[in-house]
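Trainee: Sequence:
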Amino acid sequence: MTKDMKDIVALCKRRGFIFQASEIYGGINGFWDYGPLGTELKNNLRDAWWRDMVITPPIGPDGTPLEIVGLDSAIIQNPNVWVSSGHVGGFTDPMVDCQETKKRYREDHLHVIKASDDEWVAVHEEAEDSEIEKRFKKLNIKHAEDLERTPLTDIALSDYSKIYAPDAKEKGTLLEPKAFNLMFETYIGATQSDDNKAYLRGETAQGIFINYKNVLDSTRVRVPFGIAQIGKAFRNEVNPRNFIFRSREFEQMEMEWFCDPEDAPQWFEFWKEERQRWWKSVGLKDKDMIFREHGQDELVFYSQGTFDIEYQFPFTAPGYGELEGVAYRTNYDLTQHQEGSKTKMEYIDPMDPKNRYIPHVIEPAAGLTRGVLALLCDAYTVDENRPSGVFLDFTPAMAPKKAAILPLTAKGEHPEIATKLYLELRKHYAIDLDIKQNIGKRYARQDEIGTPYCFTIDDDTVANGTVTVRERNTMAQERIHIDKVLDYLREKIDG
RNA sequence: GCGGGUGUAGCUUAAUGGUAAAGCCCCUGCCUUCCAAGCAGGUUACGAGGGUUCGAUUCCCUUCACCCGCUCCA
Numbered sequence: 001m002t003k004d005m006k007d008i009v010a011l012c013k014r015r016g017f018i019f020q021a022s023e024i025y026g027g028i029n030g031f032w033d034y035g036p037l038g039t040e041l042k043n044n045l046r047d048a049w050w051r052d053m054v055i056t057p058p059i060g061p062d063g064t065p066l067e068i069v070g071l072d073s074a075i076i077q078n079p080n081v082w083v084s085s086g087h088v089g090g091f092t093d094p095m096v097d098c099q100e101t102k103k104r105y106r107e108d109h110l111h112v113i114k115a116s117d118d119e120w121v122a123v124h125e126e127a128e129d130s131e132i133e134k135r136f137k138k139l140n141i142k143h144a145e146d147l148e149r150t151p152l153t154d155i156a157l158s159d160y161s162k163i164y165a166p167d168a169k170e171k172g173t174l175l176e177p178k179a180f181n182l183m184f185e186t187y188i189g190a191t192q193s194d195d196n197k198a199y200l201r202g203e204t205a206q207g208i209f210i211n212y213k214n215v216l217d218s219t220r221v222r223v224p225f226g227i228a229q230i231g232k233a234f235r236n237e238v239n240p241r242n243f244i245f246r247s248r249e250f251e252q253m254e255m256e257w258f259c260d261p262e263d264a265p266q267w268f269e270f271w272k273e274e275r276q277r278w279w280k281s282v283g284l285k286d287k288d289m290i291f292r293e294h295g296q297d298e299l300v301f302y303s304q305g306t307f308d309i310e311y312q313f314p315f316t317a318p319g320y321g322e323l324e325g326v327a328y329r330t331n332y333d334l335t336q337h338q339e340g341s342k343t344k345m346e347y348i349d350p351m352d353p354k355n356r357y358i359p360h361v362i363e364p365a366a367g368l369t370r371g372v373l374a375l376l377c378d379a380y381t382v383d384e385n386r387p388s389g390v391f392l393d394f395t396p397a398m399a400p401k402k403a404a405i406l407p408l409t410a411k412g413e414h415p416e417i418a419t420k421l422y423l424e425l426r427k428h429y430a431i432d433l434d435i436k437q438n439i440g441k442r443y444a445r446q447d448e449i450g451t452p453y454c455f456t457i458d459d460d461t462v463a464n465g466t467v468t469v470r471e472r473n474t475m476a477q478e479r480i481h482i483d484k485v486l487d488y489l490r491e492k493i494d495g
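Quick note on numbering: this note's numbering labels position 211 of the first sequence as 211, and the sequence is numbered without any gaps.
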């Protein structure tokens, strides 16, 4: 039985994990709201990351604990931050559309071969000569001897009328290149003009880089150290798709690890390992993940290595979708901000003041909301042998509700004892108390929201103080004393 | 952004140019000593806007959202 995205989305809505944003107004493309359980789940994943990064960072290769501090920067920064980072202008890839075939190409991916003065043929940059010859034959154009290629970026717009687009029959069907900028624009103050234009952050990372000096000067951290931040980021995606996987407003968990350039390659290896381990620790199954080093051709120009942690989502299968990228960004960002802000970003080694350098950065950048989606997809388990037909196999630590307290009947002393137990347990964990309806329905409901344990109060509880524990995945039951319930939960959740 | 598809209750599905039906879920009560049981009752829907029409959920137009493919994802 395969997991169907439709069913997962339906369950998310039915049980209050994730809703279409602005649903009662007809929705809004690329935005999602988190319901009561989705919020709990997201917070659990977020808190686990914060705990494992900032509160209790990993032990380093030399046996000493790493030093990582937290940050919460503004979503809107001085717009020059995004000019220096390259998000405004530099990184946008102009696209050209073909009027005839409705296809769209990256301008810098197309090459043009000039067969004659007015018959030019556009081809993909990776097209081989043999393919190109076929293309010429099809167009019935005698091809030039040398097949010399000119990048489309070097061709004047006025010459577009001579070009046959890669998949077109007619020439002159390519339209003017359009720049796509994914930054969300806004205006500061009540009037709108270019003077007060600003951007919603496209990533949380830049907030870290621009506070690097502040953190150094205020916290006594020394290289190597990290600054971690969790928060919303915004990208005006051309085409949001696949539930919450690519949305225009999303949440990131990013850490910038500042280190000596000489040590950077070792730290890169360290964080690759560490981040793989972490995703497994929150419950993702090894068999559904892939760990992938980017090839040279995939790397952005300033990166000396990028490592993807990807998950096999139902909508990407048999392929994978990115959960986290661990990138060796060199000192690119700090250097950019040093130039852009005229603020020195040099680090002076306190043990050796002659040793000055701009730290290199290893960046483990994870998608929190993508992580939530992976947890949901991973947990979704079809089981036709149980009333609900499905259950969510969250780890106890990630489950939105840790346990449900269920009086077997709504009569006698059952509800009273159940309520007392509930009042005790809820001081420690997110607990459900559910009294109404028959017990089977209540178990089924808890299965659907992934509650790992149900404690049921029956006549034996009244007689001898024991309750049944019903385990979600196996539906097996055992009896334990009511006084041991909290210890039992502690052991399962934190132990 | 392009092409195709789909929008009726929380879900699954009906019917209809003239008061929109059912099953499941949900809620209330009864009953129930362990997995959506039974009985009685109850809430909830034509994605939005416009047009045609005496009257539109139904026909037409526009729009929005979702799904699939293409494109894209610094």
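A hint or two may mislead.
Stated by the list, open to error - Restraint ranges, calculated between C-beta atoms of paired labels, are given here:
hint	residue 1	residue 2	range
1	266	298	46 to 52 Å
2	352	43	40 to 46 Å
3	292	137	57 to 63 Å
4	137	280	50 to 56 Å
5	495	4	48 to 54 Å
6	4	351	38 to 44 Å
7	465	292	52 to 58 Å
8	186	154	33 to 39 Å
9	435	196	53 to 59 Å
10	303	64	43 to 49 Å
11	20	194	30 to 36 Å
To be verified - Derived pair list, reagent style EDC-like, types lysine to aspartate or glutamate, alpha-carbon separation capped at 16 Å:
hint	residue 1	residue 2
12	3	432
13	171	97
14	280	119
15	137	167
16	178	237
17	142	126
18	162	185
19	3	176
20	178	107
21	171	118
Derived by calculation from the structure, the hints in this document are not laboratory data.
All figures in this text were calculated on a predicted structure; none of them were measured in a lab.
Each residue gets a CB set at the ideal place from its N, CA and C atoms; glycine is no exception.
Trainee: Next, verify each hint and record whether it holds.
Mentor: Each hint, compared with the structure:
no.: 1; hint: 266 <-> 298: 46 to 52 Å; in the structure: violated, 23 Å
no.: 2; hint: 352 <-> 43: 40 to 46 Å; in the structure: holds, 43 Å
no.: 3; hint: 292 <-> 137: 57 to 63 Å; in the structure: violated, 38 Å
no.: 4; hint: 137 <-> 280: 50 to 56 Å; in the structure: holds, 53 Å
no.: 5; hint: 495 <-> 4: 48 to 54 Å; in the structure: violated, 35 Å
no.: 6; hint: 4 <-> 351: 38 to 44 Å; in the structure: violated, 58 Å
no.: 7; hint: 465 <-> 292: 52 to 58 Å; in the structure: holds, 54 Å
no.: 8; hint: 186 <-> 154: 33 to 39 Å; in the structure: holds, 35 Å
no.: 9; hint: 435 <-> 196: 53 to 59 Å; in the structure: holds, 56 Å
no.: 10; hint: 303 <-> 64: 43 to 49 Å; in the structure: violated, 28 Å
no.: 11; hint: 20 <-> 194: 30 to 36 Å; in the structure: holds, 34 Å
no.: 12; hint: 3 <-> 432; in the structure: violated, 27 Å
no.: 13; hint: 171 <-> 97; in the structure: holds, 13 Å
no.: 14; hint: 280 <-> 119; in the structure: violated, 56 Å
no.: 15; hint: 137 <-> 167; in the structure: holds, 14 Å
no.: 16; hint: 178 <-> 237; in the structure: holds, 15 Å
no.: 17; hint: 142 <-> 126; in the structure: violated, 21 Å
no.: 18; hint: 162 <-> 185; in the structure: violated, 37 Å
no.: 19; hint: 3 <-> 176; in the structure: violated, 43 Å
no.: 20; hint: 178 <-> 107; in the structure: holds, 9 Å
no.: 21; hint: 171 <-> 118; in the structure: holds, 10 Å
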